[in-house]
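All the letters of the sequence shown, read from the start, carry residue numbers 1 to 232 under the UniProt record's numbering.
Wrong hints could be hidden among the right ones.
[Said to hold, decoys possible] Beta-carbon label-pair distances, calculated as ranges: (1) ALA28 with ASP179: 41 to 47 Å; (2) GLU96 with THR23: 35 to 41 Å; (3) LYS198 with ILE26: 41 to 47 Å; (4) ASP21 with ASP179: 50 to 56 Å; (5) LYS198 with ASN81: 25 to 31 Å; (6) LYS33 with ASP207: 42 to 48 Å; (7) ASP65 with ILE22: 49 to 55 Å.
[Said to hold, decoys possible] 35 Å max Cα-Cα, derived DSBU-like pairs, lysine-lysine: (8) LYS70 with LYS191; (9) LYS109 with LYS194; (10) LYS231 with LYS79; (11) LYS70 with LYS198.
If you're looking for bench data, these hints aren't it; they were derived computationally from the structure.
Every residue, glycine too, gets a C-beta built ideally from N, C-alpha and C.
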Amino acid sequence: MKIKLALLGLLVSGISFAQKDITGTITAEIITKSELNYALHVPRNPKAKKPLIVFLHGSGERGSDIEKVKVHGPFKYLKNNELDSYVLAPQCPENEYWNAEVLYKLIQKIQKENNIDSDRIYLTGLSMGAWGAWNLAFAHPELFAALVPIAGFVDRVPMMENCKIKDIPTRIFHGLVDDVVDVNYSIAIYKKLKTCSKDIQLTIFDDANHDSWSRVYDNKEIYDWMMKQHKQ
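Using the sequences and the hints given, assemble the complete structure.
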């Protein structure tokens with residue numbers, strides 16, 4: 001019995017197991033559902049084509065209370081002023097961040113349902129909204145005629161693909177003593193864009209902390225500038 005086992009062991013050890021690589025393909029469809037509340041300001045005489053301002057709020061306005069999106073930005077300005085433009089302010093759900101593709105779908109919906117001038121769509125945002133604006137502009141640079149990010153973090157992709165938005169006139173704002181989002185993010189992306197952008201400016205407010213947006217959005221000047229821009 002011992003001899004037979006020994007012989008079997010010899011036979012097994014003599015077998016060569018060849019290695020092989022396997023390649024394959026998988027096709028998967030992943031479906032995710034997202035829901036965004038939004039506020040839309042409709043200008044007078046909507047029968048005529050009008051521009052669209054897309055405003056992305058900061059992290060403090062996330063949730064389900066749509067009135068929060070009117071605390072800062074263009075909707076705050078509209079309380080005492082008039083804009084001959086549609087103004088779209090989506091609301092990011094609680095504990096989430098801006099998703100560029102969901103925002104893109106929303107803008108497409110607003111375009112289909114309203115008389116929007118497709119050559120005059122402007123994108124702006126503050127803090128987390130500025131981060132979202134950077135990402136959305138880089139995801140769909142063909143869509144926007146102007147970009148105004150304020151006090152925003154900038155991801156690695158925009159830093160690496162800076163010239164992708166070279167045709168979008170851009171105005172960047174930040175506070176020098178911002179202790180929430182370092183001003184160097186805006187400085188770094190400005191330097192990157194400066195190498196190829198056709199129209200870009202960076203404004204740093206020496207006395208501003210994180211809220212560098214109030215003086216921008218409360219001023220008629222930024223809206224006048226946006227309204228003059230047409231897609232290249």
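Consistency of the hints with the structure:
1. ALA28 with ASP179: 41 to 47 Å: holds (43 Å)
2. GLU96 with THR23: 35 to 41 Å: holds (37 Å)
3. LYS198 with ILE26: 41 to 47 Å: At 43 Å between Cβs, range holds.
4. ASP21 with ASP179: 50 to 56 Å: holds (53 Å)
5. LYS198 with ASN81: 25 to 31 Å: holds (30 Å)
6. LYS33 with ASP207: 42 to 48 Å: holds (44 Å)
7. ASP65 with ILE22: 49 to 55 Å: The hinted range 49 to 55 Å holds for ASP65 and ILE22, with Cβ atoms some 53 Å apart.
8. LYS70 with LYS191: holds (32 Å)
9. LYS109 with LYS194: Distance of about 33 Å is within 35 Å: holds.
10. LYS231 with LYS79: holds (28 Å)
11. LYS70 with LYS198: Holds. LYS70 to LYS198 sits at ~32 Å (cutoff 35 Å).
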